[in-house]
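Given these sequences and hints, build the entire structure.
Protein chains in written order, with my numbering: chain A, 1 to 113; chain B, 1001 to 1115.
Calculated directly from the structure, the hints in this document are not laboratory data. Treat each hint with caution, since some may be false.
[Claimed, not checked] Straight-line distance between alpha carbons at most 25 Å, and here's what the computed DSS-like set of lysine-lysine pairs gives:
#1 A:Lys100 <-> B:Lys1014
#2 A:Lys68 <-> A:Lys112
#3 A:Lys112 <-> A:Lys100
#4 B:Lys1014 <-> B:Lys1071
#5 A:Lys100 <-> B:Lys1071
#6 B:Lys1057 <-> A:Lys100
#7 B:Lys1070 <-> B:Lys1009
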Amino acid sequence: AQSVTQLGSHVSVSEGALVLLRCNYSSSVPPYLFWYVQYPNQGLQLLLKYTSAATLVKGINGFEAEFKKSETSFHLTKPSAHMSDAAEYFCAVSSFGGFKTIFGAGTRLFVKA
Amino acid sequence: DGGITQSPKYLFRKEGQNVTLSCEQNLNHDAMYWYRQDPGQGLRLIYYSQIVNDFQKGDIAEGYSVSREKKESFPLTVTSAQKNPTAFYLCASSPGTGGFQETQYFGPGTRLLVL
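Put into structure tokens, the structure is as follows:
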């Protein structure tokens, strides 16, 4: 069985500060990992995804994530937060041979001026 | 522009009433999905379809029904059997038949409220 845990339902940072959103996964087979972003009252859009090609994945809007197998983690980072980054972020996992994508509970990011 | 449209944006349901949420895509995607989103619970899969005229139950299918008569359309009916339908409903699609590494493309969602 697969699962995703996002640590922290809410994260608050100041504009210009580092953004770190944590995601740990559980999977008995090599995983495929995704980060999606959701702006208020909208659908989700893909930020980035890991499909085993490279452990450091760069996405849109300056975000990146690093796959660490030993820590079963896929944390999302951005060096400098912008007000427009305020949104909810979802980590998700799927795997070879499976069909479903399992989503985490989400982390809401607040950015203070 | 290609994308996924969902209508209506807000929907109100009376007790005992069936309501249908629309989802249309012009991305020429084979696979389509319906998710329910509740605060603090992430997304839960209701139904998915890999191909026209075929669909499968997800994790929380009870009280819901779907059809896939056309590639571009995947409507969701919330029946009176669904006792707690208030939620944000998201439709998504992916290019192939729903393989594990496919990116899903989401519509803007429909918020369902019970009167």
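How the hints compare with the structure:
1. For the hint pairing lysine 100 (chain A) with lysine 1014 (chain B), the CA-to-CA distance comes to about 32 Å; that exceeds 25 Å, so the pair is violated.
2. For the suggested pair lysine 68 (chain A) and lysine 112 (chain A), the alpha carbons sit about 30 Å apart, so the restraint of at most 25 Å is broken.
3. For the given pair, lysine 112 (chain A) sits about 36 Å from lysine 100 (chain A) by alpha-carbon distance, which is inconsistent with the 25 Å threshold.
4. Between lysine 1014 (chain B) and lysine 1071 (chain B), the direct Cα distance comes to roughly 31 Å. Violation of the 25 Å bound is thereby established for this hinted pair.
5. Simply put, lysine 100 (chain A) and lysine 1071 (chain B) have alpha-carbon atoms about 20 Å apart, close enough for the 25 Å limit, and the pair holds.
6. Simply put, lysine 1057 (chain B) and lysine 100 (chain A) have alpha-carbon atoms about 11 Å apart, close enough for the 25 Å limit, and the pair holds.
7. As the CA atoms of lysine 1070 (chain B) and lysine 1009 (chain B) are separated by approximately 22 Å, the hinted pair is consistent with the 25 Å bound.
Consistency with the previously given hints fails for numbers 1, 2, 3, 4, ordered from lowest to highest.
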